[in-house]
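Colleague: Under the UniProt record's numbering, residues 1 to 368 are what the sequence shown spells out, in order.
Quick caveat, the hints were computed from the structure, so don't treat them as lab data.
Some clues are possibly wrong.
Under the rule of at most 30 Å between Cα atoms (straight-line distance), these lysine-lysine pairs were calculated in the DSS-like manner [what the hints assert, rightly or not]:
id : residue 1 : residue 2
1  : Lys-333   : Lys-301
2  : Lys-329   : Lys-144
3  : Lys-274   : Lys-261
4  : Lys-274   : Lys-153
5  : Lys-153   : Lys-353
6  : Lys-261   : Lys-144
7  : Lys-264   : Lys-153
8  : Lys-332   : Lys-274
9  : Lys-301   : Lys-332
10 : Lys-265   : Lys-353
11 : Lys-264   : Lys-333
12 : Lys-332   : Lys-264
13 : Lys-265   : Lys-153
14 : Lys-261   : Lys-301
Estimated spans, in silico, between C-beta atoms of each pair [as the list claims (entries may be wrong)]:
id : residue 1 : residue 2 : range
15 : Thr-346   : Ser-325   : 22 to 32 Å
16 : Thr-164   : Thr-103   : 35 to 45 Å
17 : Ala-352   : Val-177   : 40 to 50 Å
18 : Gln-344   : Gln-125   : 21 to 31 Å
19 : Thr-103   : Lys-153   : 25 to 35 Å
20 : Gln-348   : Lys-301   : 21 to 31 Å
21 : Lys-274   : Pro-297   : 17 to 27 Å
Glycine included, every Cβ here is placed at the ideal spot set by N, Cα and C.
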Amino acid sequence: MWGFRLLRAPSSLVRSPPLAVRDAPGRPQAGAMEPGGAGARGLRPAEGLRLQLRAVPGADPQRSNELLLLATAARARPGDPAGEQHHVLYFPGDVQNYHEIMTHHPENYQWENWSLENVASILAQRFPSSYIWVIKCSRMHLHKFSCYDNFVKSNTFGAPEHNTDFGAFKHLYTLLVNAFNLSQNGVLSKNGNVWHKDSKASKSNSPSASNGCQGEKERTCEKRDEPAVSFYPPSLNGASFTLIGFSKGCVVLNQLLFELKEAKKDKNIDAFIKRIRRMYWLDGGHSGGSSTWVTYPEVLKEFAQTGIVVHTHVTPYQVRDPMRSWIGKEHKKFVQLLGDFGVQVTSQMHFAKEAPSIENHFRVHEVF
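Work out the full structure: start from the sequences and follow the hints.
Modeller: Here it is, written out as structure tokens:
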């Protein structure tokens with residue numbers, strides 16, 4: 001059953017200093033984790049409404065994902081010719097989960113400053129007046145390894161097996177349609193036009209320290225005392241989109257590229273693709289032995305026809321790892337081929353003069 005809950009930014013966003021990181025794990029081997037780090041330095045919580053949408057179905061009713069929406073007083077009214085709504089879709093990496101769940105995990109607590117709520121706030125500051133959608137993986141193996149089974153065929157640890165007909169675009173499009181409808185039904189005001197925070201408070205149980213993916217016990221709806229702020233409800237009509245993958249989350253962006261040619265045959269999905277303005281690959285990585293970046297010329301040539309602007313942001317943690325040397329080589333080829341095909345592409349290496357670290361891997365959120 002679909003459900004929603006209103007969330008409040010965790011207090012650590014405001015009061016807690018950056019966590020001291022314990023000894024970082026060794027370099028990932030087969031089945032190794034692609035985590036983040038400790039940081040989110042000086043982050044202030046974005047003003048807005050947080051809404052958690054549980055078990056939102058895609059095109060296949062058996063495929064559902066949980067989404068976190070952060071709306072920061074987005075100005076564009078549906079159908080307003082003066083402007084369009086902009087939506088940022090973010091796919092997180094390993095270990096990232098809701099703040100309270102991460103704080104109760106015996107290992108993941110050290111990365112709690114990179115929780116879904118915190119990253120949503122970072123993105124809200126990076127993309128003002130946009131709706132921020134965090135799309136959770138459907139499975140988290142051992143409570144650590146993000147597995148995007150609904151978007152790409154994956155092994156136990158979430159390493160992808162890309163193909164051209166898995167249905168990722170169809171799933172994403174339908175997921176958004178259902179999530180938009182659900183969010184509107186959940187918090188639309190009586191006049192049906194302006195979206196309001198609920199200013200009434202009610203008690204609720206805290207989420208348990210589980211993996212936060214489907215199959216866990218349903219959580220109680222939660223509303224907090226906050227002043228009322230108005231928003232226009234999210235709408236697909238005339239909207240534009242930015243897609244962002246971080247670390248393991250980049251497997252979703254890669255799968256979309258593989259499916260592009262077939263996906264465009266569906267008129268609704270083709271219209272959606274034409275509304276995608278930019279795609280960001282943030283330090284992509286997974287535990288597979290290849291295909292961290294898309295390097296097939298025929299796939300990238302098809303992608304070049306969309307006119308989507310591409311940004312890649314990497315750190316030494318991924319592209320200079322001697323134990324996974326293919327990542328840097330694939331990244332270089334990805335950028336080179338896109339440029340050859342006329343794509344507007346930028347590539348930035350961050351923390352190049354610092355030693356590779358999980359902390360800097362996660363800090364790419366702050367600098368991209």
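Colleague: Take the hints in turn and mark each one as holding or not.
Modeller: Now the hints, each set against the structure:
1. Lys-333 - Lys-301: Since the Cα atoms of Lys-333 and Lys-301 sit roughly 13 Å apart, the hinted pair holds (cutoff 30 Å).
2. Lys-329 - Lys-144: The given pair, whose Cα atoms are some 27 Å apart, holds under the 30 Å limit.
3. Lys-274 - Lys-261: The hint holds at about 13 Å.
4. Lys-274 - Lys-153: At roughly 25 Å apart (the allowed maximum being 30 Å), Lys-153 and Lys-274 satisfy the hint.
5. Lys-153 - Lys-353: violated, 36 Å
6. Lys-261 - Lys-144: violated, 33 Å
7. Lys-264 - Lys-153: Roughly 20 Å between the alpha carbons, so the hint for Lys-264 and Lys-153 holds.
8. Lys-332 - Lys-274: holds, 26 Å
9. Lys-301 - Lys-332: holds, 16 Å
10. Lys-265 - Lys-353: With a Cα-Cα distance of about 46 Å, the restraint between Lys-265 and Lys-353 is violated, given a limit of 30 Å.
11. Lys-264 - Lys-333: Given pair Lys-264, Lys-333 holds - Cα atoms ~25 Å apart, limit 30 Å.
12. Lys-332 - Lys-264: holds, 27 Å
13. Lys-265 - Lys-153: holds, 22 Å
14. Lys-261 - Lys-301: holds, 10 Å
15. Thr-346 - Ser-325: 22 to 32 Å: holds, 23 Å
16. Thr-164 - Thr-103: 35 to 45 Å: Because 41 Å falls inside the window, the suggested range holds.
17. Ala-352 - Val-177: 40 to 50 Å: holds, 41 Å
18. Gln-344 - Gln-125: 21 to 31 Å: Distance hint for Gln-344, Gln-125 holds at roughly 24 Å.
19. Thr-103 - Lys-153: 25 to 35 Å: holds, 33 Å
20. Gln-348 - Lys-301: 21 to 31 Å: holds, 24 Å
21. Lys-274 - Pro-297: 17 to 27 Å: holds, 23 Å
Hint check: violations occur at hints 5, 6 and 10; the rest are consistent with the structure.
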